[in-house]
Amino acid sequence: MEDEIRIPIARDADLVPARAEGRALAERLGFSRTDATLLATAISEVARNIVVHVGSGEVLLHARKEPHRYGLVVVARDAGPGIRDVGAALTDGFAARGGLGLGLPGARRLMDEFEVESDADHGTTVTMIKWRIRDELERLREARLRRG
Amino acid sequence: MDEQRSAEVPSPMESSSLHELVASLRDRRSELREQWAERITDAQLLRVMTPDEIFSEVTAVYDNYVDALETGSFETLQAYARDLSERIIPRGVETHEVLGIVLLLRDVLARSLFDAYQHDVEVLNRILDAYEPAANRIAVTVSVSFVNERERVIREQQEALRDLSTPVLQIRERLLILPIIGMLDSARARQLTEQLLASIQTNRAKVVVIDITGVADIDVTVANHLVQTVEASRLMGASAIITGLSSRIAQTLVDLGVDLGMMRTVGDLQGGLEEAERLIASGARESQDSDERA
Amino acid sequence: MSVAILRQGDVLIASIQSDLTDREVVGLRDELVERVGRERARGIVVDVAAMDVIDSFVARSLRAIALTARLRGARTIVVGIQPEVAIAMVHFRLNLEPLQAALDLDEALALLGRPQPEDSAGGG
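Residue numbers (this note's numbering), protein chains in the order written: chain A, 1006 to 1153; chain B, 2 to 295; chain C, 3 to 126.
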């Protein structure tokens, strides 16, 4: 799979490269500036959760290229104690330790697909995808280019 | 996409008439092709093309046509038709011309069948039964491919225009109007929002008037876009006024649970502009918690 | 340096130069809160034009600044939110209350220059 990037997350300073890599990959895949910002923001949220609640983990970015759409897949993973009530965590207004929410509902609103797997044995994995539709115009142009 | 015309279309295997037909058309290929090219010129079609070009396309179409008759498979024909369309549309060839030449070919071939089988009415009927539905289907296939390709090109041009034009107008200092006309879909709404916010930045606008008089109806996605546009404008220090809200759209928004109290709305554009002037004069301050709504 | 805090009259102006780490955001918050009291500032302007992401943490911190400043009688205005960032914040449903937003420093200073109506900040 082309374009796979791994950013280790251990300190709050790691959020900066995580955001930047997300934005850069988004731009490489032809996402608009707005969508690249939505992506970087969502990455910031889930990466911060790792720092604040677990201490270390990683963010993986990769591209998913399909004929009609390009997707940017973000996987934020940690081996921590897990989220006890994922359903609640995905509801607005939920507050975990220190009265801070996990920012998950907000991140979900920024992305097209959003999934959380979490338990005490395996830690937490958040998988989010943002898609960019490749319209006929773009595919037509690509086909023409290929035909030389 | 390829609707079966009816059970009349014989499968290639079952119909020896079709085989005979195809053989006959292949035998007389040169002659019929030339006849067809002549008729095209007589009918003044494809004038934008040179005789050489016409000849080469005519050859390709003829062969594809006969293949389609034989195999009953229209994929190759469709692919060819798309390809042909891509080539000739930029040259200015129009839909009626494409349909015209296909129908002319159909006629030329039909006539050749009459000539060949006029002595045996029964055989002629059988062959025509095989030929007619297939020939009609070919005409439809080629025309539809052409029309689709044409629509693609038009969309392409519209996209290009949209990208160039900025619908946001600055009519006076600090005041922008975004008149929205026609159907609003999610993609267009997103684009308009981005253009509006960019304009707020460039023009240092304090108030934006979003006029939706020209919008017939909106769905939940677009309604959300509208609300988000208002809120995003606020984050850039500008107040937004929505004007031209029809009672129908207002009802839609209410039904969708949009809090109209959070949006400044004025009946018509004129009223909206006056309200905008008032806001600017009083040193509009759009704060997150400002509850002074007109 | 990632943040520069200047003073113009009785207004504190925080100019953020680049993408900040959480630690730097907290540092900014603490410093502004401390100075607004110590220097009896009437207003704070935070310029976020260089931030290409404003997430929930930054929003919370800005709110904290505004809330604390209000307790000390000062208004906080954020300026320079970029269009894409504004869209992201709205999608995210980030609430900045009681923070106000203005386009740029000039606008913010104009807003701060005006005498306050009694019921500023409404019933929020």
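Keep in mind that the hints were calculated from the coordinates and are not lab data. Every value quoted in this text rests on a predicted model; they were computed, and no experiment measured them. Careful, some of the hints might be misleading.
[To be verified] These stretches of chain A come out as covered by chain C in the derived footprint (C-beta under 8 Å, 3 or more residues): (1) 1024-1032; (2) 1036-1044; (3) 1047-1055; (4) 1108-1115.
The beta-carbon is built from N, C-alpha and C at its ideal position, and this holds for glycine as well.
Hints versus structure:
1. 1024-1032: n = 3 at 8 Å, threshold three: holds.
2. 1036-1044: As far as the region 1036-1044 of chain A goes, the hint holds, because 5 residues have Cβ atoms under 8 Å from chain C.
3. 1047-1055: Answer holds; 3 residues pass the 8 Å Cβ test.
4. 1108-1115: holds (count 5)
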